[in-house]
Amino acid sequence: MFSILAAKPKSSARNKTGSWRSTKMPRLLKKECINCGLCKFVCPEGCISGSEKNQYSVDSEYCKGCGLCAYICPKKDIEMIENKPEKSNSSEEAEKDKGVGK
Amino acid sequence: MNKQHLEENYYVCGHTACAGCGQSMAVRIVMNAAGKNTIVTNATGCLEVFSTKAPESAFGVPWIHSLFENAAALASGVETALAYQGKKENINVIAQAGDGGTADIGLQALSGMLERGHDALFVCYDNEAYMNTGIQRSGSTPFNASTTTSPSGKISAGNPRPKKPMVEICAAHHIPYSATSSVANPKDIEIKVKKALKIKGPKYLQIHVPCPLGWRIDSSKTIEVAKLAVSTGLYPLVEYEYGKLAKSRKISSPKPVSEYLKAQGRFRHLLKNEEALAGVQKVADKNIEYYGLK
Ligand SMILES: Cc1ncc(C[n+]2csc(CCOP(=O)(O)OP(=O)(O)O)c2C)c(N)n1
Ligand code: SF4
Ligand code: SF4
Ligand code: SF4
Ligand SMILES: [Mg+2]
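In the order they appear, the protein sequences are chains E and S.
Per my numbering, the very first residue in the first sequence carries number 4; after that it's consecutive.
Per my numbering, the very first residue in the second sequence carries number 68; after that it's consecutive.
Note that these hints are calculated values from the structure, not bench results.
We put the beta carbon where it would ideally sit given N, CA and C, even for glycine.
Just so you know, not all the hints are guaranteed correct.
[Said to hold, decoys possible] With the C-beta cut set under 7 Å, the calculated list includes, among others, these residues of chain E facing chain S:
no.: 1; residue: Ala10
no.: 2; residue: Gly49
no.: 3; residue: Gly53
no.: 4; residue: Lys56
no.: 5; residue: Tyr65
no.: 6; residue: Cys69
no.: 7; residue: Leu71
Could you build the full structure based on these sequences and the hints that come with them?
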């Protein structure tokens, strides 16, 4: 059997990895932010967006709760709080849009 | 996920790296610094597994995986084909691998890519062991680190051999650029990738990327621990140009290596073993002298 194993660019985004979070999640205080962008730059998930002071936000559907954004913030404007669990990936969604063989 | 994120990034969310993975942090910085006109070849390893769980990919640029050992050979072929078609001017070629895929099994292909003068950048994500298969020792594992194949115990203080000097091995090919970087200073990665990609010819960049699982650290400590590696002298940030040491990041008052070691499960056994601890301090002292870090 032979088939081309290829995947659509950026198709991993359908994995809602926020369901992995265990004990903690970040909260952006939106008080002292200086728009340095470091939280967004280092987040291993790439789930922080924003480009203006005090306007950054975390997409909790993907955040794994590592705490690196809180560590790097020079203004201590991100704190880690108790996690609110995320619903896990629906299998229906994972079935959709398969890239194999296309 | 918001549309802006998906448009802005060439390595996106939904990948399956562990929380706080240094390699996952570094790869986005590398991809975004390289930009849209880039073709990537990837060795087998954690990065390949967590970014391209079939049938998905986290990459937004053409990306090819073939084997564990041949990322550099693939990149050589891609570069040659682009040059033949007259398209190389505007396209970056990046080969990437873990430290095992670089210093051990991928070394021959890498040396070939450098020796033949391909216009490509090789990025090594150095987490200092074979993480994807369960933390086995590699040639890039540091002295006295405990791994599953160099366990510490009654008769051993961990890995008995020093770390392979990959940045010097690459520099010895007299390539235009061979350097180290670290997630200790994430902006340094961006600067060095951009710098490397402006240079024509073969380039090597090795990035220190702590692995919370294999180093036995909390996922929130990835950057902090990487900083200690730099500030103790155990991970010198250096740049070689055409075989000569051109720059090194100074550390005016180096911290004792115990600061770095005590933060990680893989080194914790050393705190009760004075002789083994002194052995690691010697590695740092040697680096400080050799690279003129003070
Ligand atoms: C020829 C061959 N031998 C062994 C393997 C098994 N294998 C897959 S990934 C891996 C370890 C990769 O280690 P490294 O390159 O350091 O990357 P990391 O997972 O640590 O990021 C090994 C041994 C393989 N895929 N192919
Ligand atoms: S906790 Fe980690 S995954 Fe979540 S937003 Fe912060 S850096 Fe990203
Ligand atoms: S790291 Fe802190 S100060 Fe910088 S953009 Fe993020 S929240 Fe704002
Ligand atoms: S094992 Fe280590 S390198 Fe692999 S995904 Fe987990 S943290 Fe990253
Ligand atoms: Mg490795």
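Tested hints:
1. A cut of 7 Å between beta carbons decides the hint on Ala10 of chain E: the least distance to chain S is about 4 Å, and the hint holds.
2. Restraint check, Gly49 of chain E versus chain S: the minimum CB separation of about 5 Å is within 7 Å; hint holds.
3. A least Cβ separation of about 9 Å between Gly53 of chain E and chain S goes past the 7 Å threshold, and the interface hint is therefore violated.
4. For Lys56 of chain E, the suggested interface contact is broken, since its CB lies about 17 Å from the closest CB of chain S, more than 7 Å.
5. Because the beta carbon of Tyr65 of chain E sits about 4 Å from the nearest beta carbon in chain S, less than 7 Å, this interface hint is met.
6. Of the supplied interface hints, the one on Cys69 of chain E holds, with its beta-carbon coming within about 4 Å of a beta-carbon of chain S, less than 7 Å.
7. With its C-beta approaching chain S no nearer than about 6 Å, Leu71 of chain E sits inside the 7 Å limit, and its interface hint holds.
Hint violations for this structure: numbers 3 and 4, all remaining hints satisfied.
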